[in-house]
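Chains as they are written, first to last, in my numbering: chain A, 1 to 377; chain B, 1 to 364.
Think of the hints as simulated: they come from the structure by calculation, not from any bench. There's no promise every hint is true.
EDC-like cross-link-like pairs, simulated, lysine to aspartate or glutamate; straight-line CA separation at most 16 Å [unchecked claim]:
(1) A/K7 - B/E186
(2) B/K360 - A/E271
(3) A/K11 - B/D52
Here are the chains, one letter per residue:
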Amino acid sequence: MTPAELKVRTKRRKQLIQVAIVIGSIIVIWSVISSARTNLTALGITSGFGFLERATGWSYSFSLVDRSIDDTYLRTISIGLLNTIMVGAICIFLSTIFGFLIGTARDMRNLAVTSAAGVFVQIFRNIPLILQVVFWYATLIHMPGPRQSYSFGETLFMSNRGIMVPVLNVSVPVALVITVILLLLGLYLIWRRVSPMKGICIWLAGFVVVLVAAALTLVPADQPVISVPELKGLRFVGGVTLSVEFVAMIIAIVLYGSAYIAEVVRGGLKEVPTGLIEAGKALGLGPVSIWTRIKMPMALRTVIPPLGNQWIFIMKATTIGVAIGFSDLFYIVSTSITQSGQTLELIAILMGAFLLINFSIAQFVNWLNAQMKLKAH
Amino acid sequence: MSMTSTAAPVAQPLLTRITTSLRKRAFGNLRDSVLSVIVFGFLAYLLYLAVDWAIINAVWTKENVSQCGGESSGACWSVIDARYRLILFGLYPYEEHWRSTLACIAIILTVIVSCIPRTWTVRRLSTIWVVGFAIYYLLMEGSLIGLEQVTTDQWGGLSLTLFLFASVVLLGMPMGLGLALMRRSEMPVVRIFALLLIDFIRSLPLLTTLFTAAVVVPILLPDWLQGDKIWRVIIAFALFFACYQAEVLRGGFQAIPKGQFEAGKALGLTYLQILGRIVLPQVFRNALPATINMVVVTFKETAIVIIIGFFDILASANAAFGTGEWVHYYMEVYVFVAAIYWLFIFSLGQYGEYLKSRMKVSER
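Isolated chain B, as found in the complex (with noise of 0.2 Å):
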């Protein structure tokens, strides 16, 4: 009864304005009648196409693979019900992925749960994400706490995405905002550094720079410095996330005004304290939607790693399909994987819009 009461103010509005704005916007006179009737109608048989393959006339299990490839049939599901854990987690062990499904869990929870703007602030950001990376890390990992060691080499799929992911983004961070910082020095050799290596690493594709962490550096660098590929890659993609999101911040602290460095002087806070307490909060404030972006784009050019030889989602949805029986269903996969890609990064963008929005709201 109580349910039903505080339901329907809320519903009645949603309903009305909807047709409201329907009737103004798509249907208040002649011509645009026509319109959105053509319009709305090339969507609607666009949405049956879809719905019709995807759904009434797809077929779903494994087992009933052979009524697949008919001339009536749609979408044959049955390549992801035999090949999921393929496309999720690439080469890791079967009987481990349990580890890999709990490590995946985590990272997405650190995302969701910083997402909240309780957590805020650097310590509780920081604290959520290194114990994130590192509940990943030693789940997968293993050997740490007392599971079966796996290698990185045999990490793939969407735990691999995920993984490049959460340790570009937190490695990159600090990094970006080291380089801001650098950027802004009143010390010329360090300003110039920063704005040199800046531009250098927008200029090129993001493929370049790993290309070369992945390729090139091995003849640079004496053995003992090369480390593992993998963190040649994740070093020079946080470099890359580092630049963007340098200038990102510049964006930010263009906003404030000087005379706050100077009153924080005044009062004989040291320049770590002015910035940790003064000036930081607000620079994060300011470039949050811009930062959401580059995390944003972060997660979809992880996809290239796949071009240097790393087995991420897309590389073993690749191999899904690769093997004889099932590569007529090419399109299945690469439907399934773009629809993993579309939820993250569509609810992050959506979540960086709710943001802006807010941001409009309480600076009025």
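Excised from the complex, chain A in its bound form (with noise of 0.2 Å):
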């Protein structure tokens, strides 16, 4: 045989195989459509997305805004989605900034703070996110009722139900329009590529900017600029009530999370050339400047890929509150596909949301890396 001959051959192979492929996949396809279709039928469920107009008439545990069982499964399911965001977003910016500090400290020189840092980590990196949970959430469940609540200087409370805190006294529409503002000085802040620290500075100063000019102007002149929860009767009055599964859900991602972030955060840290450091000294530059000027710039260069990991990490650990029944998409669209059937289509709408969610955080994290790189490059 030729040379010429088998190089044929071998395409020719090469060819029928990703052929046979094709083929294959076409038949696994079409037979479970087909299979699905007869069980289906079998249990008397019409396919599509009609249900999506039908009123549930089950109830579940958090929401942002109103509820009720005459909701559309539609309304429900977007209440779970906003909540698996808001709850992810929490921990991100939660765990980040903790992340931050914990694996700064384990970079520090002095011996108390890393062994602290150290123990921190070793700790809650090793033990199962859903055991934390569920852990805080026994626990949480186990405080004192109302009456007997756990008090900080009668601002704030801590009971059986969940933790009452004072808020500005804004209707939630205009506090996500809040939220949204401060997300886009970040990002603008980002886009301009300020340095690190005076970033911080500047959105800090903008946070008690937006908020100072949203209590002069948007609260109701007849009520108190910031609502304190205050026990009345059997239960509480004004402020925010943070449910149970909703604390027990931050307090175990953020601890979680930021212990995994830290150790991004010191392996950034460790990659910084020493030589960049000692020029530091040698310009006469104190600890400070050169962790803010030179430390982190460099180190956040390596940091965020696998920062975004992390997010994305954390976006997809909220699903386990299912355990401890927060209502996040997961457990609405289980509990939807208990409640009316329609397995397919529920299942499909759980994987595009999570797609989407994932896909736009790796998309963000990519315009932060490019943000982030050195001009000169």
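Take each chain as given, in its own frame, and dock them per the hints.
What follows is the structure in structure tokens.
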């Protein structure tokens, strides 16, 4: 056989394999669809997304906006999605802050500080997240009832109903708008490539300004600026009640996530060339300036891609809230499946939502990474 | 005599090392000293609280349970004393617990033995894992070696967690290798298929994948193809493992120069020979720390099967304090289970760190 013939034969074989794979997948997909059809008709379920218009007839634990058992499936699922995004965003935000603090502490010179941070990381990283979630949940629901609640200066209360905190007296939509404004301010600062430390200072100043402005203009005139929870009879009035499920989830995910992010940050700080730090010392910079002007900006470039993976992980981790009955998207979808039987459609919605969320986070991280690149490169 | 003379030079530097680093890094100047005293003091206080609760003021036996719950008393380990068999073995028949114990030991030994570098050839590792897994299965199931049959729905507790872990790694590793190879294939259809599958599974929460396997697959497949729920979940879990492992291996592949393939081809070796004898040993060596990390993550993630209704160690822990008299001692049970998980995960993680530092040294 000549080499040319051999080449043709290998090419043929490769084409055959690929055609076989395509035909094989078509057969599998077709048989899955037909078997699903027969199984679903046997159960008396009509496929399609028509059920989204029907009322659900059941309630669930947590929602930012008004809810009732007359809500359609569409509205209920949207609320679940909103809950997932909100818990995910809060957890990502807090874990990133704590992660950077603890990661920095692990990189410090002082042995006491590094060991304390090390103990934190080793404890919270090495216990399964779901065990931590049920642990905090069990601890929180075993707190005393509202009348014997722990009080912190008569403004913040902890009881087995949740944590009651004082809030700015504005409606939910206004609060959402404020959050969006602050987010946009942060994105603008990153886009303008303001240095990290200066950016954080400007952002915090903006935070205070927006809150004061909202307090002065948007709070109804006849009400106090800050609504403080107060025990009236058997329950609390005013403020905002963070439910037990919500708080347990946030505590567990933030501890777990920040332990992981701390390791990422420590890795990034370790990668900064010692020559740069020595150059900084030779110029007479103090430890704080070296950290804010040399170490952190350099480390950020290696930290951001793995940090993005951690963000996606945290977003996915919110699904385990179902173990303690927090009504996130997964909880809503699995309840909808048992109630309506529209399994395939609901699973498709669930998967689609997570693909979309994680794709957006990945795109955002890519953008962030591009913004962080050294300009000369 | 000879013992002291060999031990002394090793012990001395360690102690001096600790004191020097304490002197340099904790009490070097006034500011550091103040900070160190505060932070070490805080850590010592936490340690004192923990020891006080868990050891000094604890009640240890189930006979003394009446001493629990007083104002000054600490942990009530009576609940563990009374319920540890439920936590470790779930609903497995009480008289047959020795089988469960041996089966768990088999899996743990498998993991320990495969940490020894001398076993790191494909043949040895796969033999060890298949044998370890087979011993586990034969002991737990029983009917094949003449013991009383115990079906998988009665398996539970730590033994179920270990079973899930071992079967996921055993199935997932070859699947991951297959996906990694498909991902690098010259055939576009194969490559795109692998790429889509890997990215799809990696974007979904593990819980969604497992839930789909447990709940949706029965609708999609004809009856004869469905199999047991536990096997569907294990296969889905293995797929999850494989998709992440494929990315880990891809990192290992990237470090290998293309010239090695070409050199192998020029010597007249087949594709499989090049892979098995030249490329894969290097790929696995490069990917070793990340692979161990993946195994650790898998062990941690097995805990979520409680949500789709399996009686793993977390579920049996919930059951252990679920009945009337023990209902107040949830903390003790969770701490006990957390300690078991922590021990496994921390030691595997430290082993991974050790390997990483060893590899760095050998690269110099």
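Results for each hint:
1. A distance of roughly 14 Å separates the Cα atoms of A/K7 and B/E186; the hinted pair therefore holds under the 16 Å criterion.
2. Distance check on the hinted pair: B/K360 and A/E271 sit about 14 Å apart at the alpha-carbon level, within 16 Å; holds.
3. A hinted pair counts as satisfied when its Cα atoms are at most 16 Å apart, and A/K11 with B/D52 does not qualify at roughly 73 Å.
Figure legend: structure checked against the earlier numbered hints; the only hint not met is number 3.
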